[in-house]
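Now that you have both chains on their own, put them together as the hints suggest.
Going line by line, the protein sequences match chains C and P. According to our numbering, the stretch in the first sequence is residues 1 to 411, in order. According to our numbering, the stretch in the second sequence is residues 1001 to 1304, in order.
No lab work stands behind these hints, which were simulated from the structure alone. Everything numeric in this text was worked out from a predicted model, so none of it was measured. All C-beta atoms in this analysis are idealised placements derived from N, C-alpha and C, irrespective of residue type, glycine included. Any given hint could be a false lead.
EDC-like mimics (lysine to aspartate or glutamate), calculated; alpha carbons at most 20 Å apart, straight line [what the hints assert, rightly or not]:
| hint | chain 1 | residue 1 | chain 2 | residue 2 |
| --- | --- | --- | --- | --- |
| 1 | C | LYS400 | P | GLU1074 |
| 2 | C | LYS408 | P | GLU1052 |
| 3 | C | LYS411 | P | ASP1072 |
| 4 | P | LYS1081 | P | ASP1161 |
| 5 | C | LYS397 | P | GLU1069 |
So, partial list: chain C residues that the calculated Cβ filter (under 7 Å) puts toward chain P [unchecked claim]:
| hint | residue |
| --- | --- |
| 6 | ALA375 |
| 7 | ALA379 |
| 8 | GLU383 |
| 9 | GLU387 |
Restraint ranges, calculated between C-beta atoms of paired labels, are given here [stated by the list, open to error]:
| hint | chain 1 | residue 1 | chain 2 | residue 2 | range |
| --- | --- | --- | --- | --- | --- |
| 10 | P | PHE1120 | C | ARG294 | 49 to 59 Å |
| 11 | P | PHE1120 | C | ASP348 | 50 to 60 Å |
| 12 | P | TYR1298 | C | ILE77 | 40 to 50 Å |
| 13 | P | GLY1057 | C | VAL161 | 47 to 57 Å |
What follows is each chain in one-letter form.
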Amino acid sequence: MYNKIKLTLVSLLSVILISSASFARDLVITFDDMNPGPKAAFENAIAKFQKENPDINVIANNGDREEHKAAIRNFLIADAPDVTSWYPGNRMRPFVKAGLFEDVSDVWDANNFHEDLAAIKPTMTIGGRQWGVPYSYYQWGVYYRKDIFDELGLFEPNTWVQFKYVCDKLKENGITPITIGTKYLWTAAGVFDYINLRTNGYKVHNDLTAGKIKYTDPRIKKTFEYWAELVNAGYFLENHSSMSWQDAVVPFANGEAAMYVMGNFSVDAYKNAGLSYDQIDFFPFPKITPGVPRAEEAPADAFFIPTNAKNKRDAKKWLAFVARPDVQTEWNKTIGQLPINSKAQVADDKFIKQGFETLNSAAGLAQFYDRDAVAEMAAAGMEGFQEFMMKPDRLDKILKRLDKIQAKVYK
Amino acid sequence: MEQTVRFNENKRNYSENKLAFAPLYFLLPAIIFFLIYVIFPIFQSVWISFYEWDGLGEAQWVGLANYVELFDDEYFYTSLKNNFIWLIMYLLAVPMGLFIALFLNQVVFGIRFYKSLFFFPFVISQVVVGLIFSWFYNPNFGLLASIFLSIGLEPIAILSDEDLVTYGIIFAGLWPQIAYCMILYLTGLSNVSKDLMEAARLDGAKGLKMLWHVVLPQLRPATFISVVVTVIGALRSFDMVAIMTEGGPYGSSNVLAYYMYETALSEYGFRLGYGSAIATVLFFIMLVYIGYFLWRLYKNEREV
Chain C
1 MYNKIKLTLV SLLSVILISS ASFARDLVIT FDDMNPGPKA AFENAIAKFQ KENPDINVIA
61 NNGDREEHKA AIRNFLIADA PDVTSWYPGN RMRPFVKAGL FEDVSDVWDA NNFHEDLAAI
121 KPTMTIGGRQ WGVPYSYYQW GVYYRKDIFD ELGLFEPNTW VQFKYVCDKL KENGITPITI
181 GTKYLWTAAG VFDYINLRTN GYKVHNDLTA GKIKYTDPRI KKTFEYWAEL VNAGYFLENH
241 SSMSWQDAVV PFANGEAAMY VMGNFSVDAY KNAGLSYDQI DFFPFPKITP GVPRAEEAPA
301 DAFFIPTNAK NKRDAKKWLA FVARPDVQTE WNKTIGQLPI NSKAQVADDK FIKQGFETLN
361 SAAGLAQFYD RDAVAEMAAA GMEGFQEFMM KPDRLDKILK RLDKIQAKVY K
Chain P
1001 MEQTVRFNEN KRNYSENKLA FAPLYFLLPA IIFFLIYVIF PIFQSVWISF YEWDGLGEAQ
1061 WVGLANYVEL FDDEYFYTSL KNNFIWLIMY LLAVPMGLFI ALFLNQVVFG IRFYKSLFFF
1121 PFVISQVVVG LIFSWFYNPN FGLLASIFLS IGLEPIAILS DEDLVTYGII FAGLWPQIAY
1181 CMILYLTGLS NVSKDLMEAA RLDGAKGLKM LWHVVLPQLR PATFISVVVT VIGALRSFDM
1241 VAIMTEGGPY GSSNVLAYYM YETALSEYGF RLGYGSAIAT VLFFIMLVYI GYFLWRLYKN
1301 EREV
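Excised from the complex, chain P in its bound form (with noise of 0.2 Å):
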């Protein structure tokens, strides 16, 4: 254990203390960057959110008006809905990512070129991926269309019912998002010690034991990491929705990023303030998921 260098009443004047600012010295820089790029723009948009602007003349001051009109906005609640949807069924991707890597961490010959083909999904962009998958939920030609063809079933449009298009589209973000998960946990594994499962095995430790109580405790840093990408990458889902739905049908997939940027951004959107309403909801979800992962972490850091 390194000690770390502390203020000194010994130590007088600050050419004795340089040491001490050494850690402030590197982390400077970048947090210069992060102060200019992610938190003045946060209040930023929180300040714009209390005006109505077209984004092209003068903005007007109208106070808490656009958050009074977004909680009785029935988008804003479709969108709310959805995001939480997201957010549950997005978690799905940890234990099927952590699966897939049990799976995987086998030594045989090629299983190296199987993990790549397993990860591929990441790789792809993932405007891609959504492109790819509408014309696999295609009624008309689609390869899901022709399975269900093929059993006797008549074709569902799943993008274009309302109550199973958010579910057809996650379906579709799982599918990158696993093989990332898989990856996490691939390292995780890697680092279990082996030592331990051979204590366990003399125990008569054997199966799904084994894992509960001796290989996921280990795997607790890659399951945390897992969770954290995953919940933020649910709040943030936006590249599907676009490509896939644009929202729709009627705005049924909608999800607060998407919303937003459909009230600032888009053809027919030129409320910004309205907009930066909407963006301050989200940040204020994602605080509470944020805060909770920082404690975390600070409290991990704490014991060690």
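Bound conformation, chain C alone (with noise of 0.2 Å):
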């Protein structure tokens, strides 16, 4: 009869304790880099979060990036992780309106965010409420060999007539003075963002983003007169539409090509092809319009909360921990960009350093064309830039067509 007491006493010890242990909440986490510098970064902080946390179980899936694009419409509606990344501005918008991505302005009320992530609010922010919360950012600007300039004797230009004697020295001594791969179009767009955020400023460039000026408008033609300068010269790489951006760092690595309008993303690129950190430098895309204040081009990865996820309580929590400024600084030492958060530190690396410099001082950070304007319309600009660069006296007709595509767009 002990020995029963005994027994039945033990065994449910041992059931309480087993089933204690399966208490740990589970937390899915969902990332789209499978690059090694991004992919260990976000297991480093995964890691980190764990630790700190013993009592969420996180389960983290990172898959390709082209892949994640497909599958967020199909995982969003059925079988939705608690947390996934992907981009802010209008590339997040149709999710917002379909009511798919969780409002997350009580995670920035808590955390102080609206002030330390002051610069990117507006890009996560639809109709006066924040749906994400961004983790990493990268300049854009000009990456340039300094080695063929200090040998051509050019300096880094900083306004526009600068910038067209440096390509016409550069054309004259045989090196395609800007190299570019516009196959997969978002490259061309770089461009014309820069351009058009010089010459006309950062609010016409959103109105024109957000469908407000036409393509028409004669702003913008401005923007594609400044354009055809550099075409017309023949300043851009041949036969760049059929190049994508890796292809064309091939002339910029072995000096057919002397400046590259890139994102702080390629440096990487650059040096795998065998370039070291003496050989190029940066600079900020030059001066066009005078007196138009300087906005820069900062495009965001952030990470959302889908609606149908289980577990919102914890994933609010890897929200509020992944924009802390010491684990900004360590994720953003290992992929070799910005951090969001103004208190966190800036890795000790040249491009890094400029990139901070650049961006902090920016009068407005621009996302990128392809997530500033919306979807359709973006698809169509862009090829409607690849079709400028090949083809510049068609101007009026793109421009025309464009304008088209905005009014259905945008009704």
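Listed below in structure tokens is the structure:
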């Protein structure tokens, strides 16, 4: 009898112990960067979060970026994770409109993000509410071959006239001034964005991407006129429409081209192509219209909570964790990009430091054409830019077509 | 000739007529799958084309608005034009397949090895073929550029030229398609009756005359299937366009199948209604050919 009681007590205790171990809550996080740097940074952050939160069982999924873009429309509806990575600005708009992303303004309120993440806040905001938390962003600008410039006695151009002078000098010496690969279209949008931001300023650029100004507006035409000066003088790489941006790094690396309008993620590609840090340097895109405040492109990557998530409480913990200064410092040091929290520290890399200065002193941050403009407009616009770069005399026809599509899309 | 089992007034009930029902039982599983996976989705696609839907939220009824917009869309006309170019040029695979088959139809030691080599392009994935050809066409390091340079000409960037790009892609697509037609013809040639050839030779037929009047008529089934597959393949062409140019440069090599994907399922495409409208148009174009082929097939069966 006594033995039976002991047995019951022991089995009861073991059942309680076993079940309490499974009281850890599951948190499913879906990420989309398999490149070695970002992957390692993500895994480190997960490990740190797990250590700080032993009662949460983090299940981290990492997949291919392109697949993620296709799969997200599926998994937001059926079998949603608790957290997913995606892009802010107009890229998140379709999901916000369809009610598939959770409003996380409470996370912003609770963690003082309105102040610390002030520069990036407009991008994460639709209708006065915040829909996600960013974890990184990076600058765009002009990367150039310092050694070629030094050889030819050239300096970093500050104004449009100086820029054209530099291009001319390079062309005289048989070097393609600007390399570019437009097979995947978005690289041409980078050039358009910068020329437009420098010609007309942040507000006009935003109005254009929001559909409030037409493409045939004289101010936008002026942007294309400046662009045409470069295209008609043959300053861009030949046959760029059959090359991806990685293909276009080849002439940059072997000295056939000297400048590249790119984002900071390209530095890794230059290093892999064999260039050393002394050979490359960076300058922000030159001024065009004097007096226009300098706005920059700074696309951000962010995390969002699907409305069909099961564990929103812990998902919000992850969002708060991701934007913390110490986590930001560590994460962005690994991937060579900039922290979005103004209280975080920047890595000791010459491009990061220059990028940090450039973006901190910017009058406005654009998110890149395909995130600022509505999806269908972005696709048509980028095709128009590529066509313009190959056939600049078709400008009027292209602009009229873009207007037609804009009227349809933004109605 | 087997007699077909017909309903007979003398056999009144079901159990006596069971044999007549037998073909239906055997066909039933296939018919059910066909209905669920082919017929029903066709109607569903046409139904979706009357809505404006982004795949995520509510669908909005717009009636024929998508079609009205389609007929005002210049990308649609470019795609349509390219589809017709594909249709006409792709049919070159049929005679070229025939000639290679005629060439390989000899009893020479090791001819089977050569036959398998010629068939190889069809075995490789179309995506791989597209990728290799896009490297071939690359104006900087491609083989075509080297050939041009070696004869002293400037290399042309075929995939960047809005006029040449479609032809460049079709050329890449012809490579596996010729292999396919060749195999069909090789099989057909092995069934050509030797007696007829002997008789024709005795009558003095030689070379081209022999080919046209004696061999080709016997190859009619092979020709029929080659043309059907080639036409369907040309109208369906997606892999090549997607991998080589993504419809570029700026939409010049777009075809209906890829345009449909672009507007409905791609990164910047959230318009399933519009994509369905394009798919419906493509379906009706195909229906013309499919209807014609089915009618021919039915007529042949009836004659036999």
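Each hint, compared with the structure:
Restraint check: the Cα-Cα separation between C:LYS400 and P:GLU1074 comes to about 12 Å, which is no more than 20 Å; the hinted pair holds. With a CA separation close to 13 Å, the supplied pair C:LYS408 and P:GLU1052 stays within the 20 Å bound. With a CA separation close to 17 Å, the supplied pair C:LYS411 and P:ASP1072 stays within the 20 Å bound. Restraint check for P:LYS1081 and P:ASP1161: satisfied, since their Cα atoms lie roughly 16 Å apart, inside the 20 Å limit.
Under the criterion of a C-alpha separation no larger than 20 Å, the hint pairing C:LYS397 with P:GLU1069 is consistent with the structure, at around 19 Å. Given the 7 Å rule on beta carbons, the hint for C:ALA375 holds: about 4 Å separates it from the nearest Cβ of chain P. Among the interface hints, the one on C:ALA379 holds; its C-beta lies about 4 Å from the nearest C-beta in chain P, closer than the 7 Å criterion. Using the Cβ-Cβ criterion of 7 Å, the hint placing C:GLU383 at the interface with chain P is satisfied: the shortest such distance is roughly 4 Å.
At about 4 Å, the closest approach between the beta carbon of C:GLU387 and any beta carbon in chain P falls short of 7 Å, and the interface hint on this residue holds. Taking 49 to 59 Å as the suggested C-beta distance range, the pair P:PHE1120 and C:ARG294 conforms, at roughly 57 Å. About 54 Å separates the C-beta atoms of P:PHE1120 and C:ASP348, a value consistent with the hinted range of 50 to 60 Å. Checking the proposed 40 to 50 Å range against P:TYR1298 and C:ILE77 shows it holds: the Cβ atoms sit about 44 Å from each other.
P:GLY1057 and C:VAL161 have their C-beta atoms about 50 Å apart, which keeps the hinted 47 to 57 Å range intact.
In summary, the structure agrees with every hint in the numbered list given earlier.
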